[in-house]
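Using the hints, position chain G against chain P.
Protein chains: 2
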Amino acid sequence: MNDIELVSANKSFGGWMKRYRHRSQVLHCDMVFGIYLPPQADQGKPLPVLYWLSGLTCTDENFMQKAGAQRLAAELGMVIVAPDTSPRGEGVPDDAEGAYDFGLGAGFYVNATEQPWAQHYRMYDYVVQELPGLIEEHFPVSDQRSISGHSMGGHGALICALKNPGRYRSVSAFAPITNPSDCPWGHKALGQYLGNDRAAWKAWDTCELLAGATERLPLLVDQGESDNFLAEQLKPEALEAAAAAAGHPLTLRRQPGYDHSYYFIASFIDDHLRHHAAALGL
Amino acid sequence: MNDIELVSANKSFGGWMKRYRHRSQVLHCDMVFGIYLPPQADQGKPLPVLYWLSGLTCTDENFMQKAGAQRLAAELGMVIVAPDTSPRGEGVPDDAEGAYDFGLGAGFYVNATEQPWAQHYRMYDYVVQELPGLIEEHFPVSDQRSISGHSMGGHGALICALKNPGRYRSVSAFAPITNPSDCPWGHKALGQYLGNDRAAWKAWDTCELLAGATERLPLLVDQGESDNFLAEQLKPEALEAAAAAAGHPLTLRRQPGYDHSYYFIASFIDDHLRHHAAALGL
Numbered sequence: 570m571n572d573i574e575l576v577s578a579n580k581s582f583g584g585w586m587k588r589y590r591h592r593s594q595v596l597h598c599d600m601v602f603g604i605y606l607p608p609q610a611d612q613g614k615p616l617p618v619l620y621w622l623s624g625l626t627c628t629d630e631n632f633m634q635k636a637g638a639q640r641l642a643a644e645l646g647m648v649i650v651a652p653d654t655s656p657r658g659e660g661v662p663d664d665a666e667g668a669y670d671f672g673l674g675a676g677f678y679v680n681a682t683e684q685p686w687a688q689h690y691r692m693y694d695y696v697v698q699e700l701p702g703l704i705e706e707h708f709p710v711s712d713q714r715s716i717s718g719h720s721m722g723g724h725g726a727l728i729c730a731l732k733n734p735g736r737y738r739s740v741s742a743f744a745p746i747t748n749p750s751d752c753p754w755g756h757k758a759l760g761q762y763l764g765n766d767r768a769a770w771k772a773w774d775t776c777e778l779l780a781g782a783t784e785r786l787p788l789l790v791d792q793g794e795s796d797n798f799l800a801e802q803l804k805p806e807a808l809e810a811a812a813a814a815a816g817h818p819l820t821l822r823r824q825p826g827y828d829h830s831y832y833f834i835a836s837f838i839d840d841h842l843r844h845h846a847a848a849l850g851l
Numbered sequence: 570m571n572d573i574e575l576v577s578a579n580k581s582f583g584g585w586m587k588r589y590r591h592r593s594q595v596l597h598c599d600m601v602f603g604i605y606l607p608p609q610a611d612q613g614k615p616l617p618v619l620y621w622l623s624g625l626t627c628t629d630e631n632f633m634q635k636a637g638a639q640r641l642a643a644e645l646g647m648v649i650v651a652p653d654t655s656p657r658g659e660g661v662p663d664d665a666e667g668a669y670d671f672g673l674g675a676g677f678y679v680n681a682t683e684q685p686w687a688q689h690y691r692m693y694d695y696v697v698q699e700l701p702g703l704i705e706e707h708f709p710v711s712d713q714r715s716i717s718g719h720s721m722g723g724h725g726a727l728i729c730a731l732k733n734p735g736r737y738r739s740v741s742a743f744a745p746i747t748n749p750s751d752c753p754w755g756h757k758a759l760g761q762y763l764g765n766d767r768a769a770w771k772a773w774d775t776c777e778l779l780a781g782a783t784e785r786l787p788l789l790v791d792q793g794e795s796d797n798f799l800a801e802q803l804k805p806e807a808l809e810a811a812a813a814a815a816g817h818p819l820t821l822r823r824q825p826g827y828d829h830s831y832y833f834i835a836s837f838i839d840d841h842l843r844h845h846a847a848a849l850g851l
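One line per chain: the protein sequences are P and G, in this order.
Following the working numbering, the numbering of the first sequence begins with 570 at its first residue and continues without gaps.
Following the working numbering, the numbering of the second sequence begins with 570 at its first residue and continues without gaps.
You can take every hint at face value.
Taking CB as the label site, the calculated pair distances span: (1) P:Gly583 with G:Asn765: 38 to 48 Å; (2) P:Ala847 with G:Ser750: 53 to 63 Å; (3) G:Asp766 with P:Arg843: 56 to 66 Å; (4) P:Lys771 with G:Ser711: 54 to 64 Å; (5) G:Pro825 with P:Pro615: 24 to 34 Å; (6) P:Glu683 with G:His597: 52 to 62 Å; (7) P:Gln698 with G:Ser795: 34 to 44 Å; (8) P:Pro709 with G:Glu794: 22 to 32 Å.
In the DSSO-like style, the derived pairs of lysine-lysine whose C-alpha atoms are separated by at most 27 Å in a straight line are: (9) P:Lys757 with P:Lys771; (10) P:Lys587 with G:Lys635; (11) G:Lys635 with P:Lys635; (12) G:Lys587 with P:Lys635; (13) G:Lys587 with G:Lys614; (14) G:Lys757 with G:Lys771; (15) G:Lys587 with G:Lys635; (16) P:Lys757 with P:Lys732; (17) P:Lys614 with P:Lys587.
Hints are computed from structural coordinates only; laboratory data are not their basis.
None of these values were measured; they are calculated from a predicted model.
Cβ atoms here follow ideal geometry from the backbone N, Cα and C, with glycine treated the same way.
This is chain P alone, in the form it adopts within the complex:
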């Protein structure tokens, strides 16, 4: 059994908000994740799990503290798991200038192939394989999984679902980076994690993956129209075009006046939880 160590526990909406530290074999460092266990977790029946992937600069805590998801998760009987956004700790390399958009807090949910990143920066394997394995070993959960995220984490949720047919029952995203091969954040991250051969980037780009998807899991995407990153980084029109070309079901909701913040996420998180709950049979 892989050990996990309790970091904190707070009762929340009749359930428990907990944080755990563990040694990641994939990332070669200690990692902390947050888990919300609704009251139904005490009743013996294994519960489905929503994985939430956060955006640039976040840790496991931002979503759990700011999205207000526990209220409805407690009602639905849904477990929520939020990992950190990159490997951390001694020996884990960071952006040379400590930039917010690469390195620590910015793992982009890929498996890096380039040095010095390849040893630690394997967030894709971590969130798709290692972390669910740990969750399903230690908590009263089923193997029914859904995935969602914000910005860099929206990109992460979409690629994890598209690359793993059958592994998730549903997927959604808030303001995702839809086409990292064609935006500044993506260029910087994919160029360093994966190298300059752009062919290698395609396996980590939602717009590229849609064409070949073998499972047509409907995508629910919310995008604020007053998001500062809309035009340059997020490109919902590219997602729309790629989904249309592939015949992939997409519900893209453009939300007037909303920005990139957790105030936006909190405003629509209930819709996403209900979307996942329906797919998870809750």
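Then chain G, alone, in the frame of chain P:
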């Protein structure tokens, strides 16, 4: 007109979460407050206001980011205003050792009489008079007010209501410091802000004020039973005894397993909003 300067604006549940900076004439420094304006604020009818007073170390942001209050406030048509917890900025004195429980972030909602605190530390006048004046001048709100808060801010909410009959329609608190004359946080703060004559402390102590209250506004109080500060600092049993002795209506809910965190507040904030909404005619 007293100027206010917009610091930030985020759309939230169809309304707006905004922060403003202004010069406080009472505190002799610049102050920032947060205000949630529900969608109904655009419809012309003046809305009632809930004032939220935060606890030690907080700013105007903690409650707005973590309590999840906007969802129901948007539904009810309730404005929420959250001030900072002390004066701030150049020239404002702080605890000599920078302790978290006195000075900056720890104004205790009193009017200090002792030096060097008396010039700036007048949070009572600020939250009872100056801030509502500013809010009622600049926003589409009525003069119907309610007040709530957490810990030091729960103490603040209770004393503001008890000292100002007729000014608030309702009051509630989460884990309030009920008897600051008789706990370490209170001793330290009242001793320095008000001096060592304990007779002067009574005017700022909920348990002392209850006996002479001329308005019997029902108190709604939630207290987590796993709160680390319960026995030494918060003393709900003192509140219970004082309310019983005075014949003051008190609903004290002891919540098993809950701690002092915002996860506790978020779990019960809807009950408090509905308590205030009923009193405010919403």
